[in-house]
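Chemist: If you read the protein sequences in the order shown, they are chains V and E. FYI, the numbering used here numbers position 91 of the first sequence as 91, with every residue one higher than the one before it. FYI, the numbering used here numbers position 190 of the second sequence as 190, with every residue one higher than the one before it.
No lab work stands behind these hints: they were computed from the structure. As the structure is a computational prediction, the values presented were derived from the model and not from experiment. Where hints are given, some of them may not hold.
In this list, chains with the same sequence are indistinguishable; a pair is considered to hold if it fits within one copy or across any two.
[Said to hold, decoys possible] As a list, the in silico EDC-like pairs of lysine to aspartate or glutamate whose alpha-carbon atoms are at most 16 angstroms apart: (1) K264 - E289; (2) K264 - E293; (3) K262 - E285; (4) K262 - E289.
Protein chains: 2
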Amino acid sequence: MATFSYLAYFPVRCSSNRDSYDPNKQKLNNIKINGTSTKSTTKQVEAGVTTTFTAVASVTANGYMTEQKVRQNIPTTKQSVDHFRQGITIEGGVGYRQRVVVRSYEVGPDKTATLESILNLLQETALNHVWMSGLLSDGFGATHGMMKNDLIWVVSRMQVQIDQYAIWGEVLEIDTWVRASGKNGMKRDWLIRSQATGQVFARATSTWVMMNRKTRRLSKMPEEVRAEIAPWFIGKQAIADDVPEKIVKLDNKAKYVNSDLKPKRSDLDMNHHVNNVKYVRWMLETIPEHILESHQLSGIILEYRRECGSSDIVQSLCDPDEEGMLIEGLKQQENRDMNLMNGFSLAAGILEGGGFLGFEKQPLRYTHLLQINGETKNEEIVRGRTTWKKKSPTTPFSSM
Amino acid sequence: MATFSYLAYFPVRCSSNRDSYDPNKQKLNNIKINGTSTKSTTKQVEAGVTTTFTAVASVTANGYMTEQKVRQNIPTTKQSVDHFRQGITIEGGVGYRQRVVVRSYEVGPDKTATLESILNLLQETALNHVWMSGLLSDGFGATHGMMKNDLIWVVSRMQVQIDQYAIWGEVLEIDTWVRASGKNGMKRDWLIRSQATGQVFARATSTWVMMNRKTRRLSKMPEEVRAEIAPWFIGKQAIADDVPEKIVKLDNKAKYVNSDLKPKRSDLDMNHHVNNVKYVRWMLETIPEHILESHQLSGIILEYRRECGSSDIVQSLCDPDEEGMLIEGLKQQENRDMNLMNGFSLAAGILEGGGFLGFEKQPLRYTHLLQINGETKNEEIVRGRTTWKKKSPTTPFSSM
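Next up, chain V with everything else stripped away, as it sits in the complex (with noise of 0.2 angstroms):
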């Protein structure tokens, strides 16, 4: 399993001034949220982060320690705005939301975001949202209850639906909250909207267990660490609960196959594992060129079987998923069935679909498995599925 986790090292709030260097700092040494949140809240926060790094400043006597908690600076309390990441709690104070705005190095040749940058913004999100809890005992996320049991967060499965891909220099909101998954896990939601619209551009939801870290075996959620977290659970759905369709195991039939990937040492996060977004594009790189030129990825699954390392060789195995395309050819069939009941001509439908048999149009799926060569054996790392619907003559920039 992959720990997309809740590594959480975290910076100083410090208001105090030190401007001698530029008299201009102090107009950026303030920034408030206006709206209902009031000054006195604000104020409160200031001053509990203020006293959290006095606190922490005292207790260390080497000069290095103190120096790197002064730059981490996690609060002990619950905080309802953070200025810095312009985020907010939102849900009675038990969500979070942040405004992001879609940088330059963020996009893809056609100028939206990319997959990758997405997946970034959930995990930078979450990670966020941890943070303004108060709930962490260390910079790595876990709870109190967690580090007394040598206890971490892993995600077993992430699920994203992209209805439109933001562009470059476009400003988003992105709201997440986590709710209950059975007795010993946990989900994690998101929703990505456009701030100048209000629409809904993506979702995302992920289930999370707890692993102990000495045994890296999965665990029971202790009760201490339920009762830290369950006031924290909303019921609140970004993409409904269905019974997710098995996604098959790939073998060596798989149409396309990348070997011999070897994780580069950029490719590796905080815990010296391969990081999920390194996943996904090996994924992805096996998919047909003339397939990405043309379509775009409106929906990912991914399931965690094991972490890999820095060490493991990997293949990315690949397969179009033939079930899908007639499933969706007999759900357009089915659509053009009830147009005609409702008066709406064939031609129409076959306007829309592209095609009588609507193959043109309906969405591709491909399945897809990233396993480590073992000498005897292979281990799955994570299977996944993905839904490419073609893009729009409108898509921003496509015809650039």
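With chain V fixed as given, assemble chain E onto it according to the hints.
Modeler: What follows is chain E alone, placed relative to chain V:
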């Protein structure tokens, strides 16, 4: 020459409320920057933006174009505050300062910002500076005069010095400004500082020239373009303009060679050229693993020769710089002699240097070359030099 350039598509900054979907939304809807900037300035900015938005929307009949313009919104007048990016003008209105938080995916296994992230942030702040200028004629960063003459900016040289690497979650302030460079060029500088302490973490400088978009040949700067941009020039230098030491061209005698490097789809920028960060990754991947483990990059110089397209096959050459080692050894010997003259003992020198000749502590230097393997001849993409220093025992997280 690589187009690490002034491409600039920019977002809507529309301040109207469309909050029906969530009562919390308004909390984030009016982020104001308090301090010396007055309320009237803020209002003026918002009014300017709203006007631009309306004007753009009214001149386009095509629904798609309208939507795209709404999402990008290039200001037609100079702005002094960018709420969403936490940016302000400095240096009397001609420089730019942006506050950024180092994100979880911008750090490497040692939890410090990667060189790639730093280069990305330099690009981002440069683009945002241009956006604020109100000089943009199109979304791609050309001024009105440049558009008229089919000119684009290309970078010919880039130098970055890094004293300290920011850690995950650390808040940075990045200043950037432009200055004159001969008759036909421009320089852009950056300073990266810790927001908490004001300490300068990194300095960077770059040289830019004009290229004809159609012929892809370098061009003189027309008078009208000079008149547009010269008011933005200031005299400040982030790194002193010394006569640069020549970077020799490596050949197949180089100690380390990685061949057959093929750009992937995810390596391409909005120009469909290989992005700058990928160049640096290819360069650094030739350096032995034990050096990357024990050292950190303290300086890099890149001299761009030509663009690299998606179908080029690239070779990365790297050679340790013996001369650099010798010069540094002599410098250390000189320091030791000075110390002796000043009454310090030789033993102290040995302790500091880590050895009598100081060869264990001196910065390592490497010369780099990326070239395209052609059938008849090789073509240079970029020459580089990297300087490295031993990671100090107090480097954050180095022992983890």
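Chemist: Does each hint fit the structure? Answer for all of them.
Modeler: Hint check results:
1. K264 - E289: between (23 angstroms within a copy, 10 angstroms between copies)
2. K264 - E293: Result: close only across copies, 13 angstroms inter versus 27 angstroms intra.
3. K262 - E285: both (14 angstroms within a copy, 13 angstroms between copies)
4. K262 - E289: Answer is between: at 14 angstroms across copies they meet the 16 angstroms cutoff, but 22 angstroms inside does not.
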